[in-house]
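Novice: Each chain, letter by letter, is given below.
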Amino acid sequence: MSQFIKTDVGDFFVNRTKNFEKSPPDSMWESIERQIPKYPVTDSGNSLIKYLIAGISLSVIVMGILLIYYQNISTPGEKSKQSVSNTTDALQNTGKPVNVTLNTATAINKTVLKNIVPVKKETENTSFKSSAANTNQNEKNTDNINSAKNNEDFVQHGNTSNKTIIYSINATGLKDVTEIYFENNKEEKVIIVKNPVPNAFGFFEIDISKLAGGTYKVWIVSQGNKKFHKTETFK
Amino acid sequence: MQTDKEIVTACLQNNSEAQHKFYKRFASKMFGICLRFAQKNNQAEDILQEGFIRVFGNLAKFRFQGSLEGWIKRIMINVAIDYIKKFGMHFEELNEEITEQCDIFEDEAISRLSVEDLMKMIQNLPDNKRLIFNLYAYEGYHHKEIAEMLGISVMTSKSQYCKAKKILQEQLTKIKNKSYEPVH
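These protein sequences, in sequence, are chains R and G.
My numbering numbers the first residue of the first sequence as 1 and each following residue consecutively.
My numbering numbers the first residue of the second sequence as 1 and each following residue consecutively.
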């Protein structure tokens, strides 16, 4: 005779049927699928890509700006070139006698491009310096950068055969300058610089190589107002 | 094979193939549960359908802090309770606890019963008794919890459970006696 096991009815049913599984009808999925809501798609991956692209773009822009900035600092001759061009234009436009000819202006242009250097401060007041050689020019440049606080200086550039004398005016505090000109004793404009552009160090550079010795008044015109700047005497 | 997390993530990205896979992974097991709670197969299908719609509707809320299958199962049970309640489940409140022992001897006749036969017996229980029997015996709820869920007293839950077992015991006994009837 077999041994029967006495079991609680509840336990018996649970043990026998707890893992019961049955496949629902195939049509069930179709009706469920129709009622599944559309979830808002999280685009965290796309966002990451967007941020990456934005970051790279920003970096490129910043690098571009820095590149342009440093190019301007490292090649101040470009601005001097523009300044001299303005001078040349001014000379072309004026019918009054000038000491600088177009040919001279071209020569100045070339010389400036070759030999332009930052302005060297000599004294607190206006001074004139004539030197044939660029001895210790780099040292002077450094000094100039560190101590350029004066309003204007004269610096001679180039070698002995091709001298260029630059008259500099500190552009700090001068806004919208449309013209700088030198006036002789006869109240004639002898040098006119239209729309001058300051160099990388903030100075207007005016070529006075061909200016005859004498006393000149320097005038600055800004926003339509003529302003006396200084009287200079050149030997 | 995709993990639960992978498949849920794909479902939430409106991937219909993943949603179908998700359904197929759990449908058979959940339908088995629904059949236990329902009186008829078509009721079980209704519960299953409503349950999966609720599962998909709340899938984004699942945080993987527990078993996905357990979470789906709880939803199915809640749907089953709502379904049975909706069709006018009536509980006879009892003041005295019935603690009758309901044991059976698992003889050959009973052992030969198929799972489908046993499932049919459960389905044939009255709604209230079937519900309490499922919640207590299969799902492991305490009578206090069942009482709170169904809005009945703990004593009623215990009594209904005992009565359900009594009915099942009687059915099994009938089968047993029938199989041992002398052949004339």
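A couple of the hints might just be wrong.
Distance windows between CB atoms, simulated [unchecked claim]:
{"id": "1", "chain 1": "G", "residue 1": "Ser16", "chain 2": "R", "residue 2": "Met63", "range": "22 to 32 angstroms"}
{"id": "2", "chain 1": "R", "residue 1": "Gln35", "chain 2": "G", "residue 2": "Val154", "range": "34 to 44 angstroms"}
{"id": "3", "chain 1": "G", "residue 1": "Ser16", "chain 2": "R", "residue 2": "Gln71", "range": "27 to 37 angstroms"}
{"id": "4", "chain 1": "G", "residue 1": "Gln2", "chain 2": "R", "residue 2": "Ser27", "range": "23 to 33 angstroms"}
With a straight-line Cα cutoff of 30 angstroms, these simulated DSSO-like cross-link-like pairs (lysine-lysine) come out [stated by the list, open to error]:
{"id": "5", "chain 1": "R", "residue 1": "Lys189", "chain 2": "R", "residue 2": "Lys230"}
{"id": "6", "chain 1": "R", "residue 1": "Lys22", "chain 2": "G", "residue 2": "Lys120"}
{"id": "7", "chain 1": "R", "residue 1": "Lys22", "chain 2": "G", "residue 2": "Lys85"}
{"id": "8", "chain 1": "G", "residue 1": "Lys120", "chain 2": "R", "residue 2": "Lys38"}
Simulated from the structure, these hints should not be mistaken for lab results.
All C-beta atoms, glycine included, are put in the ideal place defined by N, C-alpha and C.
Novice: Decide, hint by hint, whether the structure agrees.
Specialist: Each hint, compared with the structure:
Separation of Ser16 of chain G from Met63 of chain R is about 46 angstroms and departs from the stated range, judged on CB atoms against 22 to 32 angstroms. Remark: the range hint 34 to 44 angstroms for Gln35 of chain R to Val154 of chain G is upheld by a beta-carbon distance near 38 angstroms. Roughly 57 angstroms separates the CB atoms of Ser16 of chain G and Gln71 of chain R, a value that falls outside the hinted 27 to 37 angstroms. At roughly 25 angstroms, the beta carbons of Gln2 of chain G and Ser27 of chain R sit within the given window of 23 to 33 angstroms.
With a C-alpha separation of about 15 angstroms, the suggested pair Lys189 of chain R and Lys230 of chain R falls inside the 30 angstroms cut-off, and the hint holds. For the hint pairing Lys22 of chain R with Lys120 of chain G, the CA-to-CA distance comes to about 13 angstroms; that is within 30 angstroms, so the pair holds. As the CA atoms of Lys22 of chain R and Lys85 of chain G are separated by approximately 24 angstroms, the hinted pair is consistent with the 30 angstroms bound. Using a Cα cut-off of 30 angstroms, the hinted pair Lys120 of chain G and Lys38 of chain R is violated, with the two alpha carbons roughly 38 angstroms apart.
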